[in-house]
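Since the structure of chain A is already known, use the hints to place chain B on it.
2 protein chains.
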Amino acid sequence: MDEFGFIDSIKQEAYMQPSLIRGIGDDGAVFSSEAGKSFVTCIDTFVEGVHFSKETMQPFHVGYRALAANISDLAAMGAEPAFYLVSIVIPQSWEMKELSAIYAGMKELAKKYQMDLIGGDTVSGESLILSITVIGRADKGKARYRSDASVGDVVFVTGTLGDSQAGLHILTNQGEYRNSNYFIDRHRMPEPRIPFALGLKGLSRIALNDISDGVASETNEIAEASNVTIALNDEEIPISSDFVQFPKQLQHQWKYFGGEDFELLGTVREQDWEEVKRIAEKTNTRVSKIGRVTGGYKGHVLLKIDNKEERLEKKGYNHLSR
Amino acid sequence: MDEFGFIDSIKQEAYMQPSLIRGIGDDGAVFSSEAGKSFVTCIDTFVEGVHFSKETMQPFHVGYRALAANISDLAAMGAEPAFYLVSIVIPQSWEMKELSAIYAGMKELAKKYQMDLIGGDTVSGESLILSITVIGRADKGKARYRSDASVGDVVFVTGTLGDSQAGLHILTNQGEYRNSNYFIDRHRMPEPRIPFALGLKGLSRIALNDISDGVASETNEIAEASNVTIALNDEEIPISSDFVQFPKQLQHQWKYFGGEDFELLGTVREQDWEEVKRIAEKTNTRVSKIGRVTGGYKGHVLLKIDNKEERLEKKGYNHLSR
Numbered sequence: 001m002d003e004f005g006f007i008d009s010i011k012q013e014a015y016m017q018p019s020l021i022r023g024i025g026d027d028g029a030v031f032s033s034e035a036g037k038s039f040v041t042c043i044d045t046f047v048e049g050v051h052f053s054k055e056t057m058q059p060f061h062v063g064y065r066a067l068a069a070n071i072s073d074l075a076a077m078g079a080e081p082a083f084y085l086v087s088i089v090i091p092q093s094w095e096m097k098e099l100s101a102i103y104a105g106m107k108e109l110a111k112k113y114q115m116d117l118i119g120g121d122t123v124s125g126e127s128l129i130l131s132i133t134v135i136g137r138a139d140k141g142k143a144r145y146r147s148d149a150s151v152g153d154v155v156f157v158t159g160t161l162g163d164s165q166a167g168l169h170i171l172t173n174q175g176e177y178r179n180s181n182y183f184i185d186r187h188r189m190p191e192p193r194i195p196f197a198l199g200l201k202g203l204s205r206i207a208l209n210d211i212s213d214g215v216a217s218e219t220n221e222i223a224e225a226s227n228v229t230i231a232l233n234d235e236e237i238p239i240s241s242d243f244v245q246f247p248k249q250l251q252h253q254w255k256y257f258g259g260e261d262f263e264l265l266g267t268v269r270e271q272d273w274e275e276v277k278r279i280a281e282k283t284n285t286r287v288s289k290i291g292r293v294t295g296g297y298k299g300h301v302l303l304k305i306d307n308k309e310e311r312l313e314k315k316g317y318n319h320l321s322r
Numbered sequence: 001m002d003e004f005g006f007i008d009s010i011k012q013e014a015y016m017q018p019s020l021i022r023g024i025g026d027d028g029a030v031f032s033s034e035a036g037k038s039f040v041t042c043i044d045t046f047v048e049g050v051h052f053s054k055e056t057m058q059p060f061h062v063g064y065r066a067l068a069a070n071i072s073d074l075a076a077m078g079a080e081p082a083f084y085l086v087s088i089v090i091p092q093s094w095e096m097k098e099l100s101a102i103y104a105g106m107k108e109l110a111k112k113y114q115m116d117l118i119g120g121d122t123v124s125g126e127s128l129i130l131s132i133t134v135i136g137r138a139d140k141g142k143a144r145y146r147s148d149a150s151v152g153d154v155v156f157v158t159g160t161l162g163d164s165q166a167g168l169h170i171l172t173n174q175g176e177y178r179n180s181n182y183f184i185d186r187h188r189m190p191e192p193r194i195p196f197a198l199g200l201k202g203l204s205r206i207a208l209n210d211i212s213d214g215v216a217s218e219t220n221e222i223a224e225a226s227n228v229t230i231a232l233n234d235e236e237i238p239i240s241s242d243f244v245q246f247p248k249q250l251q252h253q254w255k256y257f258g259g260e261d262f263e264l265l266g267t268v269r270e271q272d273w274e275e276v277k278r279i280a281e282k283t284n285t286r287v288s289k290i291g292r293v294t295g296g297y298k299g300h301v302l303l304k305i306d307n308k309e310e311r312l313e314k315k316g317y318n319h320l321s322r
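Chains A and B, in that order, are what the protein sequence lines are. Throughout the first sequence, residue numbering follows UniProt numbering, covering 1 to 322 in sequence. Throughout the second sequence, residue numbering follows UniProt numbering, covering 1 to 322 in sequence.
The following block holds chain A by itself, in its conformation from the complex:
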């Protein structure tokens, strides 16, 4: 199969977004403006050997997870997914049927959110690399920023933290584990929190971020962007019931610095917290209060742990460090 044949094979049969005017097949895709809406866009890249490996993921998961990470960014912006474009660098070592499985993984998730694949590029190279651009829409004035936290806010997080890294640990360390499929699924097929994020639309103010690098990194991002202190309480960080089977030191590492859980981290006014809980229940989303926004140090995160309060540093992934 050559480039043209491959592109034909991944083309969607039919498009789902009514605002799409022209999909794949020309020099660019065309979609219309929509009154009262803004568009949200971001790009994310996944490199074999850096972000994923064939030893812990099947090709289907590689695609699923890469698109999930991008959709999670849209969730963190309060945006509804609409379109995606995929550039793929293909090495000799990947078979056509594996490449098709990558696209099948993306398509499965895309279908869930009515997203259309509207562009792409396929080139050859030394390692498999996926670059995905997503485009979503938000009601005008309702895109959600990290810079909107205020002193007194409740800090909350969806789901449970550290599960993705626990899954990776299970996949790379032989042993007996309880509930291993749960953790492996959380690693391979994370669920972006779109319904919950869209449910928050009615709130007048909310700071929102998604947990891709670890909650330590993302709380720091909100604290810095909003120029506030965030005070977390270790006892309130939500973990799944079988998470306690892992050594304490690993639990701590994965919860705060593990990343890739693709949960949402937010801050809202005290009086909006009940509404957030109601939206969480309605969208079948676990949500936990994990701390407070306070004054004091600008751009710091403090963690209360073992009856001490210490500074929680960023220390998340930083792929460019070398």
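For the record, the hints were derived by calculation from the structure and aren't laboratory data. Honestly, I wouldn't trust all of these hints.
For chains that are exact copies, the list does not tell them apart, and a pair is met inside one copy or across any two.
[To be verified] As a list, the in silico DSS-like pairs of lysine-lysine whose alpha-carbon atoms are at most 30 Å apart:
1. K54 with K37
2. K54 with K289
3. K308 with K11
4. K315 with K112
5. K248 with K289
6. K298 with K142
7. K97 with K277
8. K289 with K97
9. K97 with K201
Relative to the frame of chain A, chain B by itself:
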């Protein structure tokens, strides 16, 4: 410099697009809908060793040319450039100052078209790879497609063909050449035909494509998408004055199959041809009639050369062939 420092260093000081609500710095960028406009988007990827090499390009050119190729796609859609997002995969072998030069090359071109850099990702990997997504806008109903050619149309092309490959030849083959800087510039810093493409706005119908893989490939794309025959005349294919210094066989190869000239190829009604010439003059663009759209074989391109008419096959680049 780490990822965060590098991203800070490439961030724009100020944004130029009035519709931009939020640029780099959150999970995604936000821009507003615009009444009466459609958005056009595409993604393109450039791999070191496949699409460029340090031996023939300085880092500045790598960035300039990669963005030019993307902007050329917007031109071919009749769209005005607005935003771009850049994902970069960085190997150990590239210095920070070279990476900065890549971004400087993109910025130089972006500034010319008032484009804002609104997103990106930086990751490490084995070879340098740039993935660029561009977003532009077109008046509603005025995006230009390959599928809009009709029997009787004049086929035209901007500029001169084959220059980019001639420049690459000069860079990779020692020798005495006339006007070598001209050809090298055409290879390293191609000029997308935005002013001319936007000037065509008033035309009710036009088929448009940009020459990235070679005019043989792109005429075939229009012929297939529009289900027509395109008949070209070799004598009318525009070449620059010093192009004749190269062996005849190379001239032929570069003109038809060389690609990367980023000129525009179009077809318009006979009665609109004068208007196209007027717009070309106004935007300081050379434009040449090179053939006709005819009936007959659907999706074929015929070339009249040396008093014979033969079929011109696609045979352009096809990066996935292996």
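Going through the hints against the structure:
1. K54 with K37: neither (40 Å within a copy, 43 Å between copies)
2. K54 with K289: Classified as neither: same-chain Cα gap 37 Å, cross-chain 52 Å, threshold 30 Å.
3. K308 with K11: This pair counts as neither: shortest intra-copy Cα distance 56 Å, inter-copy 38 Å.
4. K315 with K112: neither (33 Å within a copy, 39 Å between copies)
5. K248 with K289: within (22 Å within a copy, 74 Å between copies)
6. K298 with K142: within (25 Å within a copy, 49 Å between copies)
7. K97 with K277: neither (44 Å within a copy, 49 Å between copies)
8. K289 with K97: neither (44 Å within a copy, 44 Å between copies)
9. K97 with K201: This pair counts as neither: shortest intra-copy Cα distance 41 Å, inter-copy 43 Å.
Hints 1, 2, 3, 4, 7, 8 and 9, counting from the list given before, are not met by this structure.
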